[in-house]
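Asker: Each chain is listed here by its residues.
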Amino acid sequence: MIQVLAFYLFAALTIAAGAFTILSRNPVHSVLWLIVAFFNAAGLMVLCGAEFIAMLLVIVYVGAVAVLFLFVVMMLDIDFATLRAGFIRNMPLGLVLAVVLLAEVLIGLGALGAGGIKLGTPDGSAAPLAGASNIEAIGALLYSKYLFLFEAAGLVLLVAMVGAIVLTHRQRSGVRGQNVAKQNARRPDEATFNASPEVGKGVQL
Amino acid sequence: MSWLDRGMTANFQSWFGWSHEVAWASATILGILLIALPLMLSVAMIIYADRKIWAAMALRRGPNVVGPLGLLQSFADGLKVFLQETIIPSASNKALFLLAPIITFTVALMAWAVIPFNSGAILADINVGLLYVLAVSSLGVYGTVIAGWSSNSKYPFFSAMRASAQMISYEVSIGFILICVVLWAGTFNMNGIVMAQKGHVFGLINGFVANPLLFPMWVMFLISGMAETQRAPFDLTEAESELVAGYQTEYSSMSFALYWLGEYANVLLMCALNAVLFWGGYLPPLDLPVLYLVPGWIWLFGKILFFFFVFSWVKATVPRYRYDQLMRLGWKVFLPVSLFWVFLVSGYLMYTGHFS
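Chains as they are written, first to last, in my numbering: chain A, 1 to 205; chain X, 206 to 561.
Derived from the structure by calculation, the hints contain no laboratory data. Please note that the accuracy of each hint is not assured.
What the hints assert, rightly or not - Here are a few chain X residues that face chain A, going by a calculated C-beta distance under 7 Å:
hint	residue
1	Leu339
2	Val350
3	Ser369
4	Gly558
5	His559
Stated by the list, open to error - Only part of the chain A face toward chain X is listed, based on derived beta-carbon distances under 8 Å:
hint	residue
6	Val4
7	Leu5
8	Leu13
9	Ala17
10	Phe52
11	Met55
12	Val67
13	Leu70
14	Leu142
Predicted model, so just to flag it, every value in this text is computed and none were measured. Positions of the beta carbon are idealized from the N, C-alpha and C atoms, including for glycine.
So here's chain A without its partners, still in its complex pose (with noise of 0.2 Å):
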């Protein structure tokens, strides 16, 4: 019972959510309402039983992807008749995407309707490990069956960093960086020292 009323409340605030998140002007606004429907889709997890993930979608996407967008789009000046006018420029690529969306959710209905493929269907090598909790069969199947995918999803993500370092990183000259290594090395006589001069004659700095 408690299940099914959680499954909707979660389902139906992930939709409305994301309904919210193409709907509003504003879009800051847009941007609170995906996180609303990531966080929902995170609660849908919970009760799949897949708390690991949902956890990971909470701190991956809302914890930082989501502070980076909200970071960037805070800062966009927003001028509501621009948006109006870029929103008529762009209607027809939306349309087209929009019928792609439809037909690929209809064809998906049809090849439903038609009986469903048989994926995954547990033989030895995927059977549920025994007393194992979800993060211990994850960790064993990630490092041993899909070790060299999961090595390679590591590589493009190390890749697409080194890129976007490469992208923004500039030498800038005429800049006087701070090096606390020295400023700590720095000792009171090497940095103060006591000079006589005669009357009338400054001090060399």
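With chain A's structure known, arrange chain X on it following the hints.
Answerer: Then chain X, alone, in the frame of chain A:
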């Protein structure tokens, strides 16, 4: 007493003859109230303690007028803000402006669900407890960011940008530090992490902190915790010499008080995490039978109060960081060191056959 071991859900079922759903819901709500209400009270008292410690270190008296020794100062302040008018700036985004302090306050309370107060005294004994803490603490930034943006004012906005950069930066290193702890404990469950520290060093000292490989991680966790809760010396989001009052500039009355309470609840949470993850939580410092006569929650609260004193001490004595120094510390010092330490700890554990 058998009813203590059974759990509240089973008790309610046997005492009142309720069905499992009703008993579970009542037990959970009772548990939430049992955590949240004392927490609110302790936040009020801890604000008083903070001000007293701060005053003592500055050779002042601190609050000493309301009640004996000024003990009721926080309640007087609470009453004052409660009776004030809530001013909403006319150019602000009203819904988000009011939502932001509620987010901060709620998120500050949420993480307490997985803190074990004693063996078995935990509201949600989930096997991803530590990940839950990370997830909830990563939500904390939204209260600040939304406040800064919805205020539609310069200084709150600067503060929001600082907050989002700062909290993301330090969450990265906190994540790596926690991985070291989890590798050693072998579980994400908070109770399991505490029990893994029992007799950790020489079978005598309870706590990962006495382990020479994990001690540097604790120091970094303490510092990162200060940055994560935006507590001095990392309180750049509300640096009064630069940003008026940061994201709280436009807030007044109860909406301001919610930030105040949420901030201190977060600080207490960080102290509790220090105690649970590195100092053995509800276990006594030494694994001696005589020390177990003292109830576990007294040890935990003692450790929390000790860490709160450390937080106050740092606030009273350390000057505020500059923003670029804060970023340097996070990305150029803590991130490489904690990453290297994950490598070191996992290598050591593999070499000594910890996982076999």
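Asker: Please go over all the hints and tell whether each is borne out by the structure.
Answerer: Quick rundown of the hints versus the structure:
{"no.": "1", "hint": "Leu339", "verdict": "holds, 5 Å"}
{"no.": "2", "hint": "Val350", "verdict": "holds, 6 Å"}
{"no.": "3", "hint": "Ser369", "verdict": "holds, 5 Å"}
{"no.": "4", "hint": "Gly558", "verdict": "violated, 18 Å"}
{"no.": "5", "hint": "His559", "verdict": "violated, 15 Å"}
{"no.": "6", "hint": "Val4", "verdict": "violated, 12 Å"}
{"no.": "7", "hint": "Leu5", "verdict": "violated, 10 Å"}
{"no.": "8", "hint": "Leu13", "verdict": "violated, 16 Å"}
{"no.": "9", "hint": "Ala17", "verdict": "violated, 14 Å"}
{"no.": "10", "hint": "Phe52", "verdict": "holds, 6 Å"}
{"no.": "11", "hint": "Met55", "verdict": "holds, 4 Å"}
{"no.": "12", "hint": "Val67", "verdict": "holds, 5 Å"}
{"no.": "13", "hint": "Leu70", "verdict": "holds, 6 Å"}
{"no.": "14", "hint": "Leu142", "verdict": "violated, 15 Å"}
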